[in-house]
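Last residue of the sequence shown: 484 (this note's numbering), numbering continuous.
Where hints are given, some of them may not hold.
As the list claims (entries may be wrong) - In silico DSS-like links for lysine-lysine, alpha-carbon gap of 25 Å or less: (1) LYS216 <-> LYS182; (2) LYS459 <-> LYS385; (3) LYS478 <-> LYS396; (4) LYS365 <-> LYS399.
Keep in mind that the hints were calculated from the coordinates and are not lab data.
This structure is a prediction, so every number in the text was calculated from the model and none was measured.
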Amino acid sequence: MAAVIHRLHALFHPGEYHGWGRKRRYFEGWYYKVINRQENRAYAFIPGIAMNETGEKHAFVQVLDGKNKLAEYHTFPSEAFRPSPGRMEIRIAGNCFTANRLELDLPDIRGKLEFSGMVPWPVRWYSPGIMGPYTFVPFMECYHGILSMDHSISGELIIEGHKVDFTAGRGYMEKDWGHSFPSGYIWMQTNHFQNPGISFKASVAKIPWLGSSFTGYIAGFWDGDKLVRFTTYNGTKLEKCFADQDSVELVFRNNDFRLEIFARRDDATSLASPIGGLMDGRISESMTSELELRLTDLSKNRILFRDQGRNVALEVAGKVEQIFT
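Could you put together the complete structure from these sequences and hints?
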């Protein structure tokens, strides 16, 4: 009964652990992107839990060094994974991850970072997070949450014996849970534009649905004051979706705005990803790609924002031709 109560509470608090009572074919992972003020250090820290069909399971902390294009996957016994009911706090051995801080105790990385000025995706009773009403569907292969589009960082990490100060850097935070990543998807994110406080995220994926499938998409542009949303469930149309070895193009349009993105892909690093709950898949992510973004107000036929984004996290994975338009 307690597991059911915890899962119901987490339904409206995306950052919390959703896997209470799960014993097989399940994963849950949090994604902390941190970039220092000088922008010469970029990391993604990904803690989580993974369980396969037979109940074999382990905890993990995956580390992506975006500038050096290196990745490490640290495995822990499942008993080391200790979520807290009713709040976002995940402990894995000596590591701790919450809504406003992370503490690392890994072989080559130790230290604590704190976050402030968080910009979460709005939660409503009818739309508890970025997936909107799809959050209530019990058979999705993967659920997604945006915990902070942008925030400020303070603190330092000791990385391979060297002190790295992240104070006044920028961060981003999201998570996934379910049993597998989509068979084909594009995901990108950056909160590094000419002016600080602006953030963008988009994903397009092939979504299984009742024996068939559809192309689902979620994009958000935070201008420092308001969030402009482009989603499958709010009437947005995906006018263009294309990717090759060098670039990605996405165009979204709703009743009020048009969002155009052209991203230039950089060399990517291989990461572990979930298949049937266990982290047996491989995807590749770059944290050094670039993009051009333009947001147009359709009612006034006026460009509201046009700029280039840097330190772009970008993944193009699986059978992406399935989602081309």
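Hint check results:
no.: 1; hint: LYS216 <-> LYS182; in the structure: 8 Å, holds
no.: 2; hint: LYS459 <-> LYS385; in the structure: 18 Å, holds
no.: 3; hint: LYS478 <-> LYS396; in the structure: 21 Å, holds
no.: 4; hint: LYS365 <-> LYS399; in the structure: 15 Å, holds
Checked against the numbered hints above, the structure violates none of them.
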